[in-house]
Amino acid sequence: MTATNSLLAHPAVYFLLASFAVPFIPGRLLKWLLPLPAILAVLSVIGLDHGTSGVLGWVDTELTLFRVDQLSIVFAHVFAIQGVIALIFAMHIKDKGQHMASLAYVGGGFGCLFAGDYLTLFVFWEIMSVASTMLVWLNRSDRSVRAGFRYFMFHTLGGLFMLGGLLLRWADLGTLAFTPVDPSGAMYYDWLIMIGFCVNAAVVPLHAWLPDAYPEATVTGAVFMSAYTTKTAVYVLARAFAGFEILAIAGTVMCVYGVFYATIENNARRILGYHIVSQVGYMVAGIGIGTAMTVNGASAHAYAHILYKGLLFMGAGCLLYSAGTAKLTELGGLVKRLPLVFIFYMVAAVSISGMPFFNGFVSKTMTITGAAEAHRTWLALGMELAAVGTFLSVGLKLPYFAFFSKNDNPARELKPIPMNMYVAMAIGSALCFFTGVYPEFLYKLLPIQEGVSVYSPYIAHVTEAIEHPYVPYTTWHVLQAFMILGFTGLGFWAMRKVVVPHAQRNVDFEWFYILGGKAFLAIFSRPFAWIDTRWSEVYRTVGLRGLVGSADGSARFDRAAIDGVVDGTAKGVFGIGGALAKLQTGRLQTYASAALLAAIGVGVLAFVLVK
Amino acid sequence: MFRESLGNWLYAQRSKSGGWFWALIAFLGLLVLANVFVHPHHPHFGLDAYPGFWAVFGFGGAVIMVAVLKKIVAPLLARPEDCYDRDQ
Amino acid sequence: MNFDIMLLLPELSLFVLAAALFTVSVTSPGDGAARRAYWLPWASLAVLAVCLGSLNARGVMFHGTYIVDGLSQIFKAAIAAGFLITSLFTPNARGVDDDKRADYLMFLAFSAWGLMLLSSAAELMTLYVAMEISSYSLYAVIPLRAQNKNAAEAGVKYIMFGAMATAVALFGYSYILAGQGTGFVSELAGMDWSFAGNPAAAIGLILFLCGVLFKLALFPFHFWAPDVYQGTGNETAAFAATLPKLGAAAVLVRLAALLAPNLEITFLLALFAAASMTLGNLAALAQKDLKRMLGYSGIAHSGYLVIGLAAGTAEGLGAMSFYAIVYLLMNMACFWVVCHLRCDGKNPVYDDLNGLSKNAPGLALVLAVSAFALVGLPPTAGFMGKLFLLTSAWNHGYAWLVIVAVINTALAIFYYLSLFRHAYTAETGGAVNLRDRNWMGTVAGTVMAAAILVLGALPGGLYRLALEAGTTLLP
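Protein chains in written order, with the working numbering: chain C, 1 to 611; chain H, 1001 to 1088; chain P, 2001 to 2475.
Heads up, some of the hints might be wrong.
Said to hold, decoys possible - Partial list, computed: chain C residues near chain H (C-beta under 10 Å):
id, residue
1, Glu245
2, Gly324
3, Lys327
4, Trp476
To be verified - Residues from chain C shown here face chain P by an in silico Cβ test under 10 Å; the list is partial:
id, residue
5, Gly577
6, Leu580
7, Ala592
Claimed, not checked - To spell it out: a stretch of chain H is covered by chain C in this simulated footprint if at least three of its residues, at any positions, have a beta carbon under 8 Å from a beta carbon of chain C; those stretches are:
id, region
8, 1010–1024
9, 1029–1035
Honestly, the hints are just simulated from the structure, not real lab data.
The C-beta atom is built at its ideal place from N, Cα and C for all residues, glycine as well.
All chains should be modelled from the sequences, with the hints used to inform the complete structure.
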């Protein structure tokens, strides 16, 4: 059924309006009103029907603001829920700028999800880009300002790739419709668009902005950023590029790349940032493999990931807020005074690791099983290895070195954590657990299921996925998961002295970006600088003197020659006029005779000429 | 109140880490035993039909990853923490 | 006879107005306030309203001698508008003695009435009679200028010259009757007017046209214009310089059906137009008196008007009607400012304009707009009118005429913009004694300036009306 949803039900409306309204609401009231747009969004998303509305005519094409189908609903569902959690987490923030930025950011995310055409998508994409940059800059430290600047530059570059691609696509196809692209027939502009999407999805090698900027965002801002930018990118990749082989490979590379870096990082939020790269890798790989089960797995994984990654960032954010630092070398022994943070963090940590009874288990294993059943053995193995690494760094290394490893130092001051942050983490943990033990809740939202038309014709094995839906809780699956996790734990214990973090920054792909920038400068600045100096010389000696000289000459010519001619002719005409005026003698008899003579004379002339 | 007692209890487990370790070993042994009887219907990788494959995979993967990354890769990539805080 | 009073409403309303003025002039005491006839502007507004309401009236009356069609109704409305504007500054006219004021106004009303009849005349004798009605009324008012002998001289010149012109016209009429056998324009339209085919009729037509050209002040029958305008009162000059040209234009448009483009007559008219333009513009360059200058400019504008006739197309006729109406606005606006420059009723000169932009910025603005419009600069209606005229003549063998017109426009820029220069950049010398203006006059001035600008931007509506009127006339 395709009913049309009223534009008032578009969740972006609530968030963007709320963002505008923030400056006008007093602080005390704002605190309690903050989660309201997200709650409205949840109610709205639950009530949405599949269909398209909000179609505007523009120039010679159409823009679609509100295209709802199962794929956008599953993402919107979790966006809204996470919006509630993150806004509750941010209730204690007095800085209105941060609230405006985060609300606009979420609004932009919803706008992207429901965009039916590339141009609407681009507009909301850029709104997200700007708003998330604000979330970094509003941390107001020198390092954050620099990181925010780099983040913005890189995202603008990605946006430009997307813009170029979409304009070329429009010129070629005559439509801006945001529809799936045929993997076997992708044009150069589709690749440009994909590059733009991959920047936001943090696909290796375009990912370096994520671990660079996320640790420098505000405590609450990072919670927002962990969810929306990358998952919006996953959504658009799923919509347009399902079945593209290159994404399958890139995704698996992301999986292991992320965990490798996370193993050697020191900053807790940077570790989590690399884990975003890794987990998004699962989703990108699932989209790339392009069977119904892997696409469903990618969507389920996105859903679960938003919840547990938000919770992880909340935990690390609490550490940062309370202890003033996120560096593992400077933390340690905090479990005594921050036990709840530890508990909530561990819930998220086991979720991400895929422990049974938590939501990672029902989503990650679906993707891996899907990859294996599509006979992509190496990809599946890579994903399993990444699962080992995930538990290793997020589930073991981080909490160990943050909460245990050292004795508690009573002299160390810990800022008390406001109640709203605990409430938010509690809600997140509850949801991680709930969706873990009751996977049907999540599975009912997946894009490919019975009774729902498949959104893309390039997805394979749809009927098999519908007839044989994935069952997570089988004995074997549970056993395998516990085995992997347990023996990873044993391995960690064995290597606990080796895995100690060191206070260092590990260089990543930004080295190549900087190299490229330097090369560009070197190529262009030296020769151009040389040319410019030479040119200025020429201009000064020859050009300027010549110009002044010719101006002088023209002025003289103008005064003497032209003015002379003009004034001369004017005087001449004036003289003629004066002479003619004298024809008016004032004497009637002259007039009468002159009239008759002139009439006859001209009359004869006329007759002669016409003959 | 609850928080304090929870925090104290968790902190206290540091001194009991030996006990926790042996509990883990016992649990892992049970799992390997169970793996003998419970195995996947269609092995995806060929090798994973064997009991204990995933155990080796988990343990070996963790150990090798940490060793290679921390000992070899990390020193190559290391930079001072404030390397991007100044304009060059 | 086919008499339908509903078709005659415009003429009737104006006649009633004139009759009322007659009653006033006969019954009220010599120096009474009633003689000033302050009710006149409202009454003429009512007449204009009636004319606008009758724009769609159509019919033929009085045995086919009187035709009510698109052309006649547009021109009647234009004449009523012109009369309205005149009525706004004539009641206080300094140049007319108070005891003669009501008669003065009555004659002006009758002159306008005669012009209305002229625009509907469909037969040559009717046309002649109407022309005479309007001329005689003007003969009476030209000398009416208080304490000024020049006005009497102007009046005599006007009467004598006019008498000669109308005598020639009557003579021509007799030749036409002899040559073609009828005086009805509709019947004359299909006949042969070439000199080879029907020499008597051709000469007759030329002579008849002399009478019309006299009213239009086209070369070579223009000699009276500068003297008369300079001699007569300022307000009378305003009326005499504009409204008769409208009537003459209406007649020429109606007679255009007779003038095929390659006839000798048409070519003659084109030559007259070219000479008119050139003479008028060149002579105006040397003038100091504003009214004399405006007289010469009027001669030049008559030349421009006749360009539309030369091409012989419906666009040309439409352009001619459009330009006539626009000329009414431009010239009236200019005269309105000129009339208010001196409170003593004497002839204003260029130097009287000095400092106008500071002393009376409203007057200066209206002057600027009308000066630009008379030159033919965009965005004024004058530019649009000239554009329509020139484009209608270009492709029909009269390219030389267009070139002459363009050169003349360039010549005209000097003296029109002198008005602007004196008003805006020159400093005032001694005491300023501007004539006081009543609010109705100010409204009228503003409305005229606005209309000039609006028609400059949106000429479409009026041009289309004029074009439709012109198209129905051509065979």
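Inset, instruction - Could you work out which earlier hints the structure fails to respect and list their numbers in ascending sequence? - result: Hints 1, 2 are the ones this structure does not satisfy, whereas the remaining hints hold.
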